[in-house]
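Asks: The lines below spell out each chain.
There are 4 protein chains.
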Amino acid sequence: MANDNTAVLLIHCPDRPGILAAVTDFINQQKGNILYLDQYVNREDHVFFMRVEWALDNFIIPRDEIEDYIDTLLAKRYSMNFRLYFSDSKPRMAIFVSKMSHCLFDLLGRYHAGEWNVELPLIISNHPDLKPVADQFGIDYFVFPINKDNKAEQEAKELELLKQYNINFVVLARYMQVLSPQLIDSYPNRIINIHHSFLPAFAGAKPYHAAHERGVKIIGATSHYVTSDLDAGPIIGQDVVRVTHKDTIESMVRKGRDLEKIVLSRAVEKHIDRKILTYQNRTVVFD
Amino acid sequence: MANDNTAVLLIHCPDRPGILAAVTDFINQQKGNILYLDQYVNREDHVFFMRVEWALDNFIIPRDEIEDYIDTLLAKRYSMNFRLYFSDSKPRMAIFVSKMSHCLFDLLGRYHAGEWNVELPLIISNHPDLKPVADQFGIDYFVFPINKDNKAEQEAKELELLKQYNINFVVLARYMQVLSPQLIDSYPNRIINIHHSFLPAFAGAKPYHAAHERGVKIIGATSHYVTSDLDAGPIIGQDVVRVTHKDTIESMVRKGRDLEKIVLSRAVEKHIDRKILTYQNRTVVFD
Amino acid sequence: MANDNTAVLLIHCPDRPGILAAVTDFINQQKGNILYLDQYVNREDHVFFMRVEWALDNFIIPRDEIEDYIDTLLAKRYSMNFRLYFSDSKPRMAIFVSKMSHCLFDLLGRYHAGEWNVELPLIISNHPDLKPVADQFGIDYFVFPINKDNKAEQEAKELELLKQYNINFVVLARYMQVLSPQLIDSYPNRIINIHHSFLPAFAGAKPYHAAHERGVKIIGATSHYVTSDLDAGPIIGQDVVRVTHKDTIESMVRKGRDLEKIVLSRAVEKHIDRKILTYQNRTVVFD
Amino acid sequence: MANDNTAVLLIHCPDRPGILAAVTDFINQQKGNILYLDQYVNREDHVFFMRVEWALDNFIIPRDEIEDYIDTLLAKRYSMNFRLYFSDSKPRMAIFVSKMSHCLFDLLGRYHAGEWNVELPLIISNHPDLKPVADQFGIDYFVFPINKDNKAEQEAKELELLKQYNINFVVLARYMQVLSPQLIDSYPNRIINIHHSFLPAFAGAKPYHAAHERGVKIIGATSHYVTSDLDAGPIIGQDVVRVTHKDTIESMVRKGRDLEKIVLSRAVEKHIDRKILTYQNRTVVFD
Chain C
1 MANDNTAVLL
11 IHCPDRPGIL
21 AAVTDFINQQ
31 KGNILYLDQY
41 VNREDHVFFM
51 RVEWALDNFI
61 IPRDEIEDYI
71 DTLLAKRYSM
81 NFRLYFSDSK
91 PRMAIFVSKM
101 SHCLFDLLGR
111 YHAGEWNVEL
121 PLIISNHPDL
131 KPVADQFGID
141 YFVFPINKDN
151 KAEQEAKELE
161 LLKQYNINFV
171 VLARYMQVLS
181 PQLIDSYPNR
191 IINIHHSFLP
201 AFAGAKPYHA
211 AHERGVKIIG
221 ATSHYVTSDL
231 DAGPIIGQDV
241 VRVTHKDTIE
251 SMVRKGRDLE
261 KIVLSRAVEK
271 HIDRKILTYQ
281 NRTVVFD
Chain P
1 MANDNTAVLL
11 IHCPDRPGIL
21 AAVTDFINQQ
31 KGNILYLDQY
41 VNREDHVFFM
51 RVEWALDNFI
61 IPRDEIEDYI
71 DTLLAKRYSM
81 NFRLYFSDSK
91 PRMAIFVSKM
101 SHCLFDLLGR
111 YHAGEWNVEL
121 PLIISNHPDL
131 KPVADQFGID
141 YFVFPINKDN
151 KAEQEAKELE
161 LLKQYNINFV
171 VLARYMQVLS
181 PQLIDSYPNR
191 IINIHHSFLP
201 AFAGAKPYHA
211 AHERGVKIIG
221 ATSHYVTSDL
231 DAGPIIGQDV
241 VRVTHKDTIE
251 SMVRKGRDLE
261 KIVLSRAVEK
271 HIDRKILTYQ
281 NRTVVFD
Chain A
1 MANDNTAVLL
11 IHCPDRPGIL
21 AAVTDFINQQ
31 KGNILYLDQY
41 VNREDHVFFM
51 RVEWALDNFI
61 IPRDEIEDYI
71 DTLLAKRYSM
81 NFRLYFSDSK
91 PRMAIFVSKM
101 SHCLFDLLGR
111 YHAGEWNVEL
121 PLIISNHPDL
131 KPVADQFGID
141 YFVFPINKDN
151 KAEQEAKELE
161 LLKQYNINFV
171 VLARYMQVLS
181 PQLIDSYPNR
191 IINIHHSFLP
201 AFAGAKPYHA
211 AHERGVKIIG
221 ATSHYVTSDL
231 DAGPIIGQDV
241 VRVTHKDTIE
251 SMVRKGRDLE
261 KIVLSRAVEK
271 HIDRKILTYQ
281 NRTVVFD
Chain D
1 MANDNTAVLL
11 IHCPDRPGIL
21 AAVTDFINQQ
31 KGNILYLDQY
41 VNREDHVFFM
51 RVEWALDNFI
61 IPRDEIEDYI
71 DTLLAKRYSM
81 NFRLYFSDSK
91 PRMAIFVSKM
101 SHCLFDLLGR
111 YHAGEWNVEL
121 PLIISNHPDL
131 KPVADQFGID
141 YFVFPINKDN
151 KAEQEAKELE
161 LLKQYNINFV
171 VLARYMQVLS
181 PQLIDSYPNR
191 IINIHHSFLP
201 AFAGAKPYHA
211 AHERGVKIIG
221 ATSHYVTSDL
231 DAGPIIGQDV
241 VRVTHKDTIE
251 SMVRKGRDLE
261 KIVLSRAVEK
271 HIDRKILTYQ
281 NRTVVFD
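Protein chains in written order, with full-length UniProt numbering: chain C, 1 to 287; chain P, 1 to 287; chain A, 1 to 287; chain D, 1 to 287.
Think of the hints as simulated: they come from the structure by calculation, not from any bench.
A few of these clues could be false.
Derived lysine-lysine pairs resembling PhoX-like cross-links, with alpha carbons at most 20 Å apart [what the hints assert, rightly or not]:
1) D:Lys270 <-> A:Lys270
2) P:Lys275 <-> D:Lys246
3) P:Lys246 <-> C:Lys246
4) A:Lys246 <-> D:Lys270
5) C:Lys255 <-> A:Lys275
6) A:Lys255 <-> A:Lys206
7) P:Lys99 <-> P:Lys255
8) D:Lys270 <-> P:Lys246
Stretch by stretch, here's where chain A covers chain P in the computed footprint (C-beta under 8 Å, at least three residues) [claimed, not checked]:
9) 13 to 20
10) 37 to 43
11) 133 to 139
Glycine residues also receive a C-beta, built at the ideal position from the N, C-alpha and C atoms.
When you get a sec, could you build the whole thing from the sequences and use the hints?
Replies: Put into structure tokens, the structure is as follows:
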């Protein structure tokens, strides 16, 4: 939490001998004190992934030139994809909700308690129901009712609002609308959804009904980045809870709510902490 | 375990007031000491399920007439489906295997240690590989190689063998052949399979490959009764284990083996203890 | 949820043949439609436990006489301890908090969403910090700073307030004070605490520090009824989460928060639903 | 599994900038192809931990000089503790058992299936009961009955036998004797025990009885290295399973058996794969 003044570098590139040494040497030589280092090599596809976080206190390169240095000294040499973040630049998050409040309360409770290094200025909904909750927490709430005819138009307005509020990523907290590709493409790997099943089982609508019908003994929840392929984007996290023959659809819904909010909030936390890399529709999630 | 001389009665029937009282009154009045009683009412479909086990020591009705009495006094009156078992009549189990030994060893280890009230006289395989293991434990092992052309013929021989050995139920311990309806229909809800995924996700062949490809964060195993619909029979039990981006297909297979054997053995134990009822392609599994 | 007009009867008594039949017969004959029935017999100590819920719509006995009838016809005959509740009489709950908000937000979120059949009119704290949260949800909040000298006096005021608000049970939502016997005895088995460890491991203060020091690979949280023996009351529920060598005390605290709030809220839900019986410092918790 | 011809280097040392780069540079420059690299820095105590595995095919330094080179070029410079292993040199394991067979069967099943890169030539027991199992698997089995008077003498013989069989590490598979310091000190961090509770809860004898008495809702098992402090050595792994009020001591024992064998075998696998480092009575266990 609250590391004052650190940089986070996320990298993925073709695996070659020496990358790890090159990156750590670069940071060490510039007097950066490495705080966390995680790396992973996918041996099947020969891809190198890395997350390194270092203190900027004595770092020699001026902050606004770091990206250039990395690009020149490392990225070009190793064909790296990289992203650079600074801990004092908080990401800005928007939440989309419909009528259910359990995920929203969980997110707001954490935000309010200062658990996360994030700004949360905006909530968007297709229903007015949860406006009082937003008011309670002092967050702007906009309603865009959606139907078949107005969807494109309403989403265009939502997108405008997201830009106006300088939103970096979006959290769908049981938002009961499928987003259109236009909106999704504007936030690639930056829209987090919670699906109330253990994906890929029971994708689509009414997963608890389907789980009950099939007679499963465990139900789950799945957080994932949204892609244009419904419920098929890169999975960030999953968790499960046991059910028995005694569970009704209603009791599954009740047990599922706890899963959904925890699984969603964990994914949001990983995203805020810049610990997620995506690759071929899968995620690398560092501890 | 090892209750000397008990009866187990499994019932399901349309729910009506008074069934529970009628059954317990019947046993009490005949001087049966109830040891375990589990009941469950499905409120949606109005079905009553019950398992009751009582000591036979002072039971007034002679053992070989109990079934008649239940039929006359209870079953006809309440339109019951019922089954009656005696603890001193051990069920006889056969195991089908292919080449993998982990589930087989787990079953044999428990059998050898006397954990279960069961006889295990027969192992059938489509490969000779595990014969030494069967020999080691002193259990008959028969090989029936299966190909497209001889399947019906070989299964007919297997069925004959099952009858010859008076087998009551069959355990598929990672048996890599799909059974034909003829064999399945001879043992309705009495063939237990272990599928190496969290069903209904990844039914069919190579579930670990599919799970790896999809990038899931949890893998599972599912025990179920075999029906003619592949991997779609009533689920008995499920369990899961976490995986991460670091897991390869090979490491998933390794983690999965532990799940498979435990989930299968738990299902076999519940079956031996007569704690499973099936209804509309789902199971009621009492504790 | 929202059963209109039901009665819940909780029983425990010495086990004898016929109790189950007697209770269900009584309800059936008086035209009560049984909705849920759970029973458990402790075979070691020969104790019978039961929870039965039935619809009152056509029940013949007038509501205010039911207790008398049960007492006369059943309780005296079978030496029963029993409690009778009506679903339309909501229990009234008070929350005690200190400075941490995660459990409080979880409870308030559920209350606000109407998940529980409960009234929540009162929050008591030894610090003023969370008053804005209480205000936000429109709940009365009183501050009683506690030190060695004023403890008895302050608790006396708290107790008075609990009575004034007609509080039926108390939830300690990470309340960082040990209650004195006087307060505990006023709410026997009606004060629910959350302890941030897997009891009985790491009872007392700073359990995450102790867990880290010991190098455990799993941490837990435990909900229990408060008795005068610190962290040693009847356990209601427990849950765990994996940790590794990478986890610091800080990250354990973070992971633990999610456990604490879920484990506490589940216990509160069971209590509200009258599904918990206590016996010899242990609980019977029906599904 | 079965990587032909790899070296594994385990390191821990005071943390300093440049260690990671120095080690990986060394391997890269000598034409070692790094297959797996795991590192972890304990920020509180400033200790660096690392496990690196590389293919020896084109490695320039001759195999029997590698240790010297590491010592000279890296270990002295960075004050490293290090251990070097070669994958083609299988560790040799002995198992100690008493009368219970479940852990033994699990270990033997895996060994027999070739899951592990290990030799298993020796089983030692204080009882003759499991000799037939050892015979079945063709492994030498020696019986040393232990009582108060002969303990030192018998352990001396066991120690001799361990040396005679060139045993590298010992697995206590529910061995019901406390080892004396002399034996423990001969195999520091190389004796793995399974304790049938979630340590540090219920250390010592009869943990399931204690768990039942306390009314816990989850039971566990813990694998750890044996130290002279009973049940207090570095924890390798833990797992848990839910229990309810319905569970008797007997059913806890039954559920616990599955935990015990899986948790023990996982620890043995990590040890065989040289993925465990110990530090201040805690373990670093790499994935």
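Asks: Taking the hints in turn, state whether each one holds.
Replies: Cross-check of the supplied hints:
no., hint, in the structure
1, D:Lys270 <-> A:Lys270, "40 Å, violated"
2, P:Lys275 <-> D:Lys246, "15 Å, holds"
3, P:Lys246 <-> C:Lys246, "37 Å, violated"
4, A:Lys246 <-> D:Lys270, "17 Å, holds"
5, C:Lys255 <-> A:Lys275, "16 Å, holds"
6, A:Lys255 <-> A:Lys206, "15 Å, holds"
7, P:Lys99 <-> P:Lys255, "18 Å, holds"
8, D:Lys270 <-> P:Lys246, "16 Å, holds"
9, 13 to 20, "holds (count 3)"
10, 37 to 43, "holds (count 4)"
11, 133 to 139, "violated (count 0)"
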